[in-house]
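Since each chain sits alone in its own frame, please combine them into the complex, following the hints.
These are the residues of each chain, in order.
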Amino acid sequence: MNIHEYQAKDILRGYGVPIPPGDVASTPQEAEQIARRIGRTVVVKAQVHAGGRGKAGGVKLAKTPEETREIAGRILGMQIKGLTVQKVLVTDAADIASEAYVGVILDRASKKPVFMVSPAGGIDIEEVAAKTPEKIMRMPIDTRYGLMPFQAMELGFFLYPDATKARAASKIMKQLYDAFMATGASLAEINPLVVTPNGDVMALDAKISVDDNELDRLPKIAALRDESAEEPSEVQARHANLTFIKLDGNVGCVVNGAGLAMATMDLVKFYGGEPANFLDIGGSSNPEKVVSALKIITADPNVKAILFNIFGGITRTDDVANGIVTATKQNPLKVPIVIRLTGTNEEIAVKILTENGFSAMTDMDEAVQRAVKLATGGQPA
Amino acid sequence: MSVFIDKNTTVIVQGITGRDGSFHTRQMIEYGTRVVAGVTPGKGGQKFDDKVPIFNTVAEAAKETGANTSVIYVPPMYAADAMMEAADAGVTLVVAITEGVPVLDMTRVYPFVKERGARLLGPNCPGLISSGKSKVGIIPGRICTPGPVGVVSRSGTLTYEIVYQLTRAGIGQTTCVGIGGDPINGTNFIDCLTAFEQDPETKAVAMMGEIGGTDEQEAARFVQDHMTKPVVGFIAGQTAPPGRRMGHAGAIISGSAGTAAEKIQAFEDAGMGVARRPIDFVELIKARL
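Chain order of the listed sequences is Y and V.
In this text, residue positions in the first sequence follow the numbering used here: the first is 590, and each later residue adds one.
In this text, residue positions in the second sequence follow the numbering used here: the first is 13, and each later residue adds one.
Simulated from the structure, these hints should not be mistaken for laboratory data.
We put the CB at the ideal spot given by N, CA and C, even for glycine.
A couple of the hints might just be wrong.
As the list claims (entries may be wrong) - Pairs of lysine-lysine residues, derived as DSBU-like cross-links and limited to a Cα-Cα distance of at most 30 Å, are as follows:
1. V:Lys-298 x Y:Lys-858
2. V:Lys-241 x V:Lys-298
3. Y:Lys-763 x V:Lys-126
4. Y:Lys-962 x Y:Lys-940
5. Y:Lys-754 x Y:Lys-649
Claimed, not checked - Pulled from the structure, derived: some chain V residues nowhere near chain Y, Cβ distances all over 12 Å:
6. Lys-59
7. Asp-61
8. Ile-66
9. Asn-68
10. Thr-119
11. Gly-129
12. Lys-215
13. His-238
14. Lys-241
15. Gly-267
To be verified - Listed next, with one range per pair, are the computed distances between beta-carbon atoms:
16. Y:Asn-875 x V:Tyr-90: 18 to 26 Å
17. V:Tyr-90 x Y:Gly-966: 45 to 53 Å
18. Y:Thr-965 x V:Thr-69: 53 to 61 Å
If we strip away everything but chain V, and leave its shape as in the complex, we get (with noise of 0.2 Å):
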């Protein structure tokens, strides 16, 4: 098993003919994803490689292909309209890749995508891999293996470092998700620790979260009193400065809150594991599986 995709999950692109969508579609389809469709308005008609039929409209095409997941490569202006777009044609899961979008924009798209009962995941995340079955998104698929782990993250290449470590050490994982950098996304860690609970074959958690919010927190009161199997955490941004943007636009400690250490030390008071560096996710997870 896995959590939000496997092997019947049906893709769409949306900005499938642009220079990110191009290169990461190719990458799915390599990997075995079953990308179904693409969407560029004006592009209709066509076809991508000469594989993937080309729609003008998301409602389009889910309607010829039934599609049940879109992941959007748009640039960041017109991100928030693509995820309303997807959630309105009906399918089910929406993966926002798009960095850039700006946060009063996700004030209107997580409750018109909420409204119509899809999931969106991100935006500004690597998007989601099920090792061995399915990937939508852009985390590079060599550096996964199936597995007992559930790995959920608000990064991209720390992820992937980790996952890179796990990997290393005979550590496979059932998926991968990232919830992306941004002080509003759809998905959360709760989201993500509820799925790996009940999924059966992952049998241990591994989180990275990082500065600013109050997700982490959450997350670790939703283990504590929730969660049955064993979660191990890291928080990135330890010498970050207070009130500065870290790269991620969710990553800034606003006046004294969103600290890493107030976020480690909930993790410590739930009980979690807590890694140190990236590489003591090894030790903690196999200690615990």
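Extracted from the complex, chain Y is given alone in its bound form (with noise of 0.2 Å):
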């Protein structure tokens, strides 16, 4: 899950990292207060989760109040990559002397946390890793004892050969790894960390993601999930408890697992169609989650033909066959269906279909080329 920039700066800020003052708004009005307060010259930042807000026009000074709200006003309510802003950060413009990059990643190689930091911050660090990778330092961090202080002034000396400075950003990256720690993160940045021409040691954006798995034991952490800033399909299905992605192509597909959901994808590609989703009904289905899966999918008028592709282990067959069929009689379906079933109580699962006007298929190759033709127009083979 991520959470807005302004979000994690809260987090941080909890933390004791320092962060110039700023506050979020969601209205022109509200931003133009915010800017009196400050009294300084602003930046004000699109609230989207999206990279690039700044080459999209997202982030921009405003050197008044007046010039703080008609930005805003331009601001609020645009299309970032096809998300709408709906807030703005509005944010003291600190002076900078120099910016640099300071993150923790769960990195899946060491099994470890591991900081990456960078004395070229301000741009992306996969640019700086690939084109100048001696001017990145990495460090796995052993959660069993954290992030110890030796590890943190190493840190801080790579950014800064001035000790006050290098103290103050190993202070920061302490209160960066108990943030990191207590969210529940797979990623934290800081980027850029700045120095301001009076020395000062700040951070000017910050971003965390959250690892899904947490959630449940983080009620206050999941509770910044911005649903406004979501696919709504997608938030829908999360309360069906399915798992989806909301793709542009015309294939609508429903598999159980997910590893089985992207081959299904990747062969309705192959055989040149475009798969509209990624949805995995899970391992114990029941009929609900399948009348919810449908519900989704046919609401996507991209959709011209659905494909189901169950292999029955856990899941049992005929409670996806039921699922269909109730669906298909609460809301009549407009597109073609493709079913493909087998494994566990396929063969009742195969009657449930049959005797209600369906057919039912086991090869999914088969089953995966005839959704293909039937979305982009040909005939059913």
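Structure follows, in structure tokens:
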């Protein structure tokens, strides 16, 4: 789960990270009031879950409260990478002498959180890693001991040869690490970490991504989810306990298991179609889940055919068949459906489907080809 | 032969009285697995289905039964503790089926288990099955048949699909191992490839990877440098958008890293067979046996 910059900054402030004053606004008037309180030149920043906000025109300087109102009016409602800006962060435009990068990511290879710091901040860290890897220090942290003071100092001195600044930075590392652990993060970064002309070290931008598996035990973090910033169909799916990701294709896919779901989408593409979504109905299926899944998929006008691919292990195929029958009785389908199922209770499932006017296939490859043909206007094989 | 488990494997089930634990314990016993103990704190002294003794702790279960393996079906927030408890009790194989374990928990579990010399499989995995001998986990037994192919995969149902197609084509399996879909797991592809390379009955390996991380790329280099047996690979997630978690916590393209294209390229560079579709495994494996 991603949270907004202003939320990440609130968390980091709570751990003591120095961050210039600022607040979030939903209207131009609110933005103006915040600018008035700050009383200096401010930055108005779009709060959306997308990178490249600056390039898209979602980050602007404003010298006066009036200008802040005008700029906020332009940014609010703007579309950035398909997302509507609903909030802006208005924050003190700190003067910058130098910019650095500080991040903690959960690293799969070392199986540890890894600090990545670079004196070349303010730009895409992947680019720095590719072009000038010597400008990045990587330090894996054993979570059983946590970030130790000497490690924090090593990181600090890598950024700043000056001891005062290195100490200030190492303190921020510790605060960032504590915030990372407490929020169940998979990524926490400050980019840029700046030094102001009078020597203060401060965080100007912050990003935190939370491991979804943590949300059950961190209700306060879970409450930071901004559903208005997400695709509505994905929100609906999450409430129905389905894992769903919307795409732009024409074949709606309903599959059990993430790996099989991806492989099904890939096969749709292989045969010349485009998957409309990723959807995993999960292991212990019940008919209700299938009903929700069909509701979400049929609401997408791009979907020209629906493909079920179910390999019954824990999932009972008769549950899926019952779900299909119930769902289509409630909302008759307007697009063709191809059902492939095999495994647990297959005979019962086929019987249920045939009695209700559906046909069932057993071969994944054939089912995908048929669905693609139907979606692209060809005749069924 | 087989890898990791065989007829002599003796199993403790952690969470044996839960919904998933009890269902799959019956399935394992039906397949022939030697389930010798269950653990549910507070139910020590009782018996599961009038057969399997239940203990309060894994330490007690291991001491009383001498079991060498434990399988975990406890809820995600307790799974990390369960894995460490099993390793601390001295079992040598810990299989964690549980999905949804916080990844930060695994940063503590992994070194803890390693220091005690146990092998961890999972979490978020279907477990493993040695055809005709033993199964630990949830892989449906009826889709497998004994034969010469080792199977290793990051996914559950996709593995079933491919094993089912192999079985239908008359190609049996030594052992099928699901390593799980989480970013930090106990056993990786290289661990399994090493075991299959050493197993005299395994003649070829089918390997199913997916987007996210670099485990497949490292496995490809291992195949090139250390394997004498043929390996056929498949990568799921060619159509996955970057930055999105595709169901499995580990199936995510970060920035430009972990794409299906780079993994497939790594397979090709290593001279492995590459299955473009699940069905391709049948012909590619056949040609290499």
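Evaluation of the provided hints:
A hinted pair counts as satisfied when its Cα atoms are at most 30 Å apart, and Lys-298 (chain V) with Lys-858 (chain Y) qualifies at roughly 26 Å. With a CA separation close to 13 Å, the supplied pair Lys-241 (chain V) and Lys-298 (chain V) stays within the 30 Å bound. Between the alpha carbons of Lys-763 (chain Y) and Lys-126 (chain V) the distance comes to roughly 27 Å, so the proposed pair stays at or under 30 Å and holds. Of the supplied pair hints, the one linking Lys-962 (chain Y) and Lys-940 (chain Y) holds, its CA atoms being roughly 26 Å apart against a limit of 30 Å.
Between Lys-754 (chain Y) and Lys-649 (chain Y), the direct Cα distance comes to roughly 28 Å. Compliance with the 30 Å bound is thereby established for this hinted pair. No Cβ of chain Y comes within 12 Å of the Cβ of Lys-59 (chain V); the nearest lies about 25 Å off, and the non-interface call holds. The Cβ of Asp-61 (chain V) lies farther than 12 Å from every Cβ of chain Y, with a closest approach of about 19 Å, so its non-interface assignment holds. Ile-66 (chain V), annotated as away from the interface, keeps every beta carbon of chain Y farther than 12 Å; the closest lies near 23 Å.
No Cβ of chain Y approaches the Cβ of Asn-68 (chain V) within 12 Å, the least distance being about 24 Å, so the stated non-interface status holds. For Thr-119 (chain V), the shortest C-beta to C-beta distance to chain Y comes to about 4 Å, within the 12 Å cut-off, and the non-interface label is violated. With a closest Cβ-Cβ approach of about 17 Å to chain Y, Gly-129 (chain V) is found to remain outside the 12 Å limit, as its non-interface label requires. In this structure Lys-215 (chain V) is separated from chain Y by more than 12 Å, as the shortest Cβ-Cβ distance comes to about 25 Å.
Every Cβ of chain Y is farther than 12 Å from the Cβ of His-238 (chain V); the closest lies at roughly 19 Å, confirming the non-interface assignment. With a least beta-carbon separation of about 23 Å from chain Y, Lys-241 (chain V) lies farther than 12 Å from that chain, consistent with its non-interface assignment. Taking the minimum C-beta to C-beta distance to chain Y, about 5 Å, the non-interface status of Gly-267 (chain V) is violated against the 12 Å cut. The beta-carbon spacing between Asn-875 (chain Y) and Tyr-90 (chain V), approximately 24 Å, falls within the hinted interval of 18 to 26 Å.
A C-beta distance of roughly 52 Å is found between Tyr-90 (chain V) and Gly-966 (chain Y), which places it inside the suggested range of 45 to 53 Å. Distance hint check for Thr-965 (chain Y) and Thr-69 (chain V): the Cβ-Cβ separation is about 59 Å, which falls inside the suggested range of 53 to 61 Å.
Hint violations for this structure: numbers 10, 15, all remaining hints satisfied.
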